[in-house]
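Protein chains: 2
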Amino acid sequence: MTIPFEKIKAEFKRVLLSLNFSDSKADECAQIFAENSRDGVHTHGLNRFPTFVQYVKDGYVVPDAEPTKEGGFGSLEQWNGNLGPGMLNARFCMDRAIGLATESGIGCVAIKNTNHWMRGGTYGWQAADAGMIGLCFTNTIANMPPWGGIDPRLGNNPLIIAVPRKNGHVVLDMAISQYSIGKLNFYKSKGEQLPLPGGYDTDGKLSTDPTAILESGRVLPVGFWKGSGLSLVLDLLATVLSQGRPTAAITNGGPESGVSQVFIAIKPTGAQTESLVEEIIAYSKSSRPEKEGAAIYYPGENTLRTREKSLMEGVWVDEKIWEKVKNL
Amino acid sequence: MTIPFEKIKAEFKRVLLSLNFSDSKADECAQIFAENSRDGVHTHGLNRFPTFVQYVKDGYVVPDAEPTKEGGFGSLEQWNGNLGPGMLNARFCMDRAIGLATESGIGCVAIKNTNHWMRGGTYGWQAADAGMIGLCFTNTIANMPPWGGIDPRLGNNPLIIAVPRKNGHVVLDMAISQYSIGKLNFYKSKGEQLPLPGGYDTDGKLSTDPTAILESGRVLPVGFWKGSGLSLVLDLLATVLSQGRPTAAITNGGPESGVSQVFIAIKPTGAQTESLVEEIIAYSKSSRPEKEGAAIYYPGENTLRTREKSLMEGVWVDEKIWEKVKNL
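Each protein sequence line maps, in turn, to chains A and B.
Heads up: the first sequence is residues 877 to 1204, going by our numbering.
Heads up: the second sequence is residues 877 to 1204, going by our numbering.
I should point out that these hints are in silico values taken from the structure, not numbers from a laboratory.
Since the list can't tell identical chains apart, any single copy or any two copies may satisfy a pair.
Straight-line distance between alpha carbons at most 30 Å, and here's what the computed BS3-like set of lysine-lysine pairs gives:
1) K1064 <-> K1202
2) K1161 <-> K1081
3) K1042 <-> K945
4) K1161 <-> K1185
Taking the hints into account, I'd like the entire structure generated from these sequences.
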C-alpha cells in the first residue's frame, strides 16, 4: 500500500515525541526516516524504524545527546557523538564539513561514539544540495570475513560519494559487501537465488544461494580481496580520524552502537564543472545496453525517479510494518 | 633473474638521460620505476619502462614540462601537468597536499593534463612516509563497460588509500576492474583460468577464461554494479576538481595521455592512533584462515615482504625485457 509522505512523517514524529525527543529533533529524525522510504530505501526507512525505537528504549541511542567538539586542527575537526541519534549527528557533521569547505575549499569532520546513520546517501544528498562534493563513510559491526578468512572481522562500512548536478545529483551509496544481510534475507524469504554470487557456501564455494551464504556467514566483499582491503582502510580512517571505536570494539561491545564516521566536503570550482559532469554521464550512457531497450543509469538516477513517484502516488510501505509503527 | 636495485635504477637513468631528461628528473623517474619493480609491481616497473620511453619519443610525455598552478581556494589547489612525466607530477602533487595538510589538517590537490602515474601506490607510500593519511585516484582511458552495458565507457580508475604505521604502512592500491588487462593477458599467456570470475564471455556469461573476456571486452568492475558506479564518480571527482579531461575525452583522444588526478593528504591527530591501527590489524588477522596454515594479510603487507626480499636478494626481472631496456 502507499501512504502520503507527510502522513508517514507525522506518524514517525508522534512516536519519537513519546520517546523524549524534542520537537525539532523528532521532526528532523522523522523527516529522514520518511525520506529514506520515499527514496525507496525501505531497509533504512519505515522497515528500520521499529529497531531504532527499540535502540532508544534500550538506551543505545540517547535522544537528547548533542555532539561535542573534542579536537581538531584547521579544516579537520573531531567530534564526540555522545551516542545521540546517528542521523542527527551525521547531518550535523556534514553541515560542519560544508562550512569548513566554504571557508577553505575542503573540510573533514570525524565523529566517534555516534550511532547508525540509517541511509548513508542522506548525507551525500545533503552535501550535493549545498553545491558541494560530499564523501562520507562509517564503520559497522563485523559482518564480513577478511579475504582468506572465514570469521567475520570486517564491517561492510558503507561509502558515499556525491557530486552536485543541476538535473539530479550523482550519489553513490554502497556498502562494501556485495549484498547486505537484509538483501540476503529478502531473497531467502522469497525462495530465490541471488542474481550474482554474493558469498560462499559452507563448502567454500562461490554461491548465489542466500540460505547457504547466511549459514556460512561468509558474505562476499565487493571485488573479493579488493573490497576486503577497502573495508579495512575505511575502518582505519574512521577510527583514526575520530579517535573512536574500530569495528573490533564495536563488535565486542554487543549491539551496534558507538560507531565512528568521517564526513568530507569539497567545493567544486571552475567554469567547466557543469559541462564536464554532463559529458561523463552522456558518455557512460552511450554504451550499448546488454539487453535491448534497456538503459545505463548513473548512481542516484533511480533514486530520483523513485522519489518523484513516491511524491506523486504516495510512499510504498510494507503494510505489516506500517501497522506495527502505528501501534508503537 | 635478479639484479641489484641500484643497477636497475642506473640503467633506467641512463636511458632517460638520453631522452632529454634533466639529471634530477631522470634520477627521480628511474628511482620510481626501480622501486615499482623492487616492490613486485612489475607491470608498472621494468615491464612498463619501454612503453614509457616510446611515449616520450612520441611526444605524449614531455620530459622537461613542469606543473603550473591554475587555481585553487584555501586547502584546495588546481594544477596543470603540462603533459610532464606522470610520476613526477604525481609526486609533486602529493607533496603539495602534504604541505597543505601540515598547515590546515587536510589538503587536496587536483591536476589536469598529466600522464600515467605508473603504480598509484607510490604516492600512498609517499604520504604515509610523511606521517600522513594519503588518498589519491586517477582517471584512465575507457577499458570497462558501465553496468548494464557492453561497450567500454569507464576507466578502471585506480584508487589508493594509505595509513601510516610504524611497523609497515597500510597501503591499499586497487584498480576498479577486478583484473587489469595486463593480468588477463598474463593468465592467457600461461593458458590458465582466472582464480575468480573476471568478466563476461561473448555470450554474456560470467567467466574465468581470460581469452573469452579479452574477446568480449567486458571486463568486470569490482562488485559488479557497485564498481561501475565507483569508477564513474572517481572520474567525476578527478575531472571536476582538476577541470581536466574525463575518461570520455581521454579515450577519444587516442593514446592514454592528459589524464586527471586528485591527491588528498590528512594529518592524523590523537594519542590513540598507533594502538587503534594495531587493534584493527590484529582483529582482522584473528579470523580463522580458509586454508590451514594460511594467514590474513593487510593491504601493503606483502609489498613490504617483497621489498625486503628484493633488497636482500636482488630485484626479479623478466630477462627479455631487461635485455630490451639495456638496448634502448
